[in-house]
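Use these hints to put chain W onto chain R, whose structure you have.
Protein sequence lines, in the order shown, are assigned to chains R and W.
Read in my numbering, the first sequence has 207 at position 207, and its numbers run on one by one without any break.
Count along the second sequence from 1, then add 271; that gives the number in my numbering.
Treat each hint with caution, since some may be false.
With a Cα cut of at most 27 Å, we get these calculated DSS-like pairs of lysine-lysine [as the list claims (entries may be wrong)]: (1) LYS164/R with LYS446/W; (2) LYS77/R with LYS348/W; (3) LYS175/R with LYS159/R; (4) LYS73/R with LYS344/W; (5) LYS77/R with LYS344/W; (6) LYS80/R with LYS344/W; (7) LYS341/W with LYS77/R; (8) LYS73/R with LYS44/R; (9) LYS70/R with LYS355/W; (10) LYS138/R with LYS13/R; (11) LYS175/R with LYS430/W; (12) LYS380/W with LYS70/R.
Covered stretches of chain W (chain R as the covering partner; in silico rule of three or more C-beta atoms under 8 Å from a C-beta of chain R) [what the hints assert, rightly or not]: (13) 327–340; (14) 343–352; (15) 369–376; (16) 387–397; (17) 468–477; (18) 496–508.
Please keep in mind that the hints were generated in silico from the structure rather than gathered at the bench.
Quick reminder that beta carbons are idealized off the backbone N, C-alpha and C, glycines included.
2 protein chains.
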Amino acid sequence: MTTEALVNQIKKKQSFLCIGLDVDLDKIPSYLLQEEDPIFAFNKAIIDATHHLCVSYKPNTAFYEAYGLKGWKSLEKTIKYLNKNYPEIYTIADAKRGDIGNTSTMYAKAFFEDLAFDSVTVAPYMGKDSVEPFLAFKNKHTIMLALTSNQGAFDFQTKDVEGKELYKMVLETSKSWVNSENLMYVVGATKAEYFKEIRSIVPNSFLLVPGVGAQGGNLQDVCKYGLNKDIGLLINSSRGIIYASKDAGFANSAAFKAEELQKQMAEILSK
Amino acid sequence: MTTEALVNQIKKKQSFLCIGLDVDLDKIPSYLLQEEDPIFAFNKAIIDATHHLCVSYKPNTAFYEAYGLKGWKSLEKTIKYLNKNYPEIYTIADAKRGDIGNTSTMYAKAFFEDLAFDSVTVAPYMGKDSVEPFLAFKNKHTIMLALTSNQGAFDFQTKDVEGKELYKMVLETSKSWVNSENLMYVVGATKAEYFKEIRSIVPNSFLLVPGVGAQGGNLQDVCKYGLNKDIGLLINSSRGIIYASKDAGFANSAAFKAEELQKQMAEILSK
Numbered sequence: 001m002t003t004e005a006l007v008n009q010i011k012k013k014q015s016f017l018c019i020g021l022d023v024d025l026d027k028i029p030s031y032l033l034q035e036e037d038p039i040f041a042f043n044k045a046i047i048d049a050t051h052h053l054c055v056s057y058k059p060n061t062a063f064y065e066a067y068g069l070k071g072w073k074s075l076e077k078t079i080k081y082l083n084k085n086y087p088e089i090y091t092i093a094d095a096k097r098g099d100i101g102n103t104s105t106m107y108a109k110a111f112f113e114d115l116a117f118d119s120v121t122v123a124p125y126m127g128k129d130s131v132e133p134f135l136a137f138k139n140k141h142t143i144m145l146a147l148t149s150n151q152g153a154f155d156f157q158t159k160d161v162e163g164k165e166l167y168k169m170v171l172e173t174s175k176s177w178v179n180s181e182n183l184m185y186v187v188g189a190t191k192a193e194y195f196k197e198i199r200s201i202v203p204n205s206f207l208l209v210p211g212v213g214a215q216g217g218n219l220q221d222v223c224k225y226g227l228n229k230d231i232g233l234l235i236n237s238s239r240g241i242i243y244a245s246k247d248a249g250f251a252n253s254a255a256f257k258a259e260e261l262q263k264q265m266a267e268i269l270s271k
Numbered sequence: 272m273t274t275e276a277l278v279n280q281i282k283k284k285q286s287f288l289c290i291g292l293d294v295d296l297d298k299i300p301s302y303l304l305q306e307e308d309p310i311f312a313f314n315k316a317i318i319d320a321t322h323h324l325c326v327s328y329k330p331n332t333a334f335y336e337a338y339g340l341k342g343w344k345s346l347e348k349t350i351k352y353l354n355k356n357y358p359e360i361y362t363i364a365d366a367k368r369g370d371i372g373n374t375s376t377m378y379a380k381a382f383f384e385d386l387a388f389d390s391v392t393v394a395p396y397m398g399k400d401s402v403e404p405f406l407a408f409k410n411k412h413t414i415m416l417a418l419t420s421n422q423g424a425f426d427f428q429t430k431d432v433e434g435k436e437l438y439k440m441v442l443e444t445s446k447s448w449v450n451s452e453n454l455m456y457v458v459g460a461t462k463a464e465y466f467k468e469i470r471s472i473v474p475n476s477f478l479l480v481p482g483v484g485a486q487g488g489n490l491q492d493v494c495k496y497g498l499n500k501d502i503g504l505l506i507n508s509s510r511g512i513i514y515a516s517k518d519a520g521f522a523n524s525a526a527f528k529a530e531e532l533q534k535q536m537a538e539i540l541s542k
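For reference, chain R alone in the conformation it holds in the complex (with noise of 0.2 Å):
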């Protein structure tokens, strides 16, 4: 997908929300472990009650991962579904991948033509030349971990190198890569006031905003600092949507909670 297709589906939808499905066997309502396919059976339901209040859903690999052949299945349905169904939906694998050149590019294939999602999670320690191999795909987007929200962030990312915080540098570094224009950076929420600086360093590019919700981010702040001419944001609830209830109305309950986020993005985009 392009970036222009995914800016005029917010627009439409009056919505920069994405919906993680990152589900947990122990979460969903225990009716579903009936089902020949319970993952996909849950993940079927989310989607059919949501995909009018969102933009995107990234499911997170590990949570198919762990469930071994059949969670991979589980994966490579629902994205079949979300393809043939939604072909609207910007689809994200969070996978957080990255390795040697020829490894990363297998690795590009995995996700852009074999699940055919539109993007892809990568982390950058390991440089250029293990991101630019996803970067070479054509309508497809490389979310580049810069800041995240979970407490390890203060680990290194924010450790100063050589007069600014890794991250920063991270953001700077990765401009000058080739196909730099199919890039978007994951930048936690949990810090608004980040947000400001980060736009400094990439204007126009998109970010994927974790963090809002289950871990403590605030919608109004990093929308303030966030947005820019082609909103640029996407922001991201999974727990806080996926499992709003336990029982047969789970759907219905994700729906209100996403309804909830979308209305505040409606009001947020009116100003």
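Quick look at chain W alone, frame taken from chain R:
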């Protein structure tokens, strides 16, 4: 597997060789493509021909994920075959994973429980709470990227952070993490002189060393600075061994290449 069992195996086999199972269907003998599972058929032949010369196999997950569900099945068959037939072998899932706490636990379950690998590689960018969930698994090792062997290593890993290179800060910081005795580190072999300083930071840890062979590292130099009282090195070779030939004798050719390295290792250990 315990570290002690790994060391015992190294001493017995007089080898600290790890063979990387990075299987690319474009590079294996073409007649294998008629097999029901060409990747597994290739791996089985390589393993049967080389298991007495090495102590470890390291499938890189990218090469399996690139083939989707089929690829994940080949990975599962490969690790099951190894655990059943060669239980003394130390297995490494080269996956370079890492995510926020509860998500890293899911990855750890995927590789330590579902697939039953002895170890998994992880990326350090997200810090302590992205790695400690892996370290909580008993008799399993977590192999963290420190200094990689690619050109991109110089983008961030060797940059000066508060007076020392980032990879050294990563090594030092990780020593304070809970269950850090379960850590090993990836250290690229392209610059053997780095090993001296790395050994001053982590004298007792095992180092997984890619880049000997195809990526240009030199075994003698690495051993000069990298060996410790428990040997403490796993030297990986992938393409140089598994793609030694493309004809019907490919497994024997691989064994021949593996034996060349094993003999050099035996000579080094005898000194």
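For this session: Would you check the hint for LYS73/R and LYS44/R, treating anything up to 27 Å between C-alpha atoms as holding?
Result: holds (14 Å)
Exercise. Does the structure keep LYS175/R and LYS159/R at a Cα separation of 27 Å or less?
Worked result: The given pair, whose Cα atoms are some 20 Å apart, holds under the 27 Å limit.
Exercise. Taken at face value, is the distance from the CA of LYS344/W to the CA of LYS80/R at most 27 Å?
Worked result: holds (19 Å)
For this session: Given that the region 468–477 of chain W was listed as covered by chain R, double-check it with a C-beta distance under 8 Å for 3 or more residues.
Result: Coverage by chain R is violated for the region 468–477 of chain W (0 residues, Cβ < 8 Å).
Exercise. Is the straight-line distance between the alpha-carbon of LYS77/R and that of LYS344/W 27 Å or less?
Worked result: holds (16 Å)
Exercise. Between LYS380/W and LYS70/R, does the CA-CA distance stay at or below 27 Å?
Worked result: Holds - the C-alpha atoms of LYS70/R and LYS380/W are around 14 Å apart, at most 27 Å.
For this session: Measure nothing beyond the straight line between the CA atoms of LYS164/R and LYS446/W; if it is 27 Å or shorter, mark the hint as holding.
Result: At roughly 25 Å apart (the allowed maximum being 27 Å), LYS446/W and LYS164/R satisfy the hint.
For this session: Verify the proposed pairing of LYS77/R with LYS348/W, using a straight-line Cα cut of 27 Å.
Result: holds (22 Å)
Exercise. Given the hint that LYS341/W pairs with LYS77/R, does the C-alpha gap stay at or below 27 Å?
Worked result: Holds: LYS341/W and LYS77/R sit about 14 Å apart, inside 27 Å.
Exercise. Count the residues of the region 496–508 of chain W with a beta-carbon closer than 8 Å to any beta-carbon of chain R: does the count reach three?
Worked result: violated (count 0)
Exercise. Hey, LYS175/R versus LYS430/W, does the alpha-carbon distance stay inside 27 Å?
Worked result: Roughly 18 Å between the alpha carbons, so the hint for LYS175/R and LYS430/W holds.
For this session: Please work out if LYS73/R and LYS344/W have their alpha carbons no farther apart than 27 Å.
Result: OK: LYS73/R and LYS344/W at ~10 Å, within 27 Å.
Figure legend: structure checked against the earlier numbered hints; hints not met, in rising order: 17 and 18.
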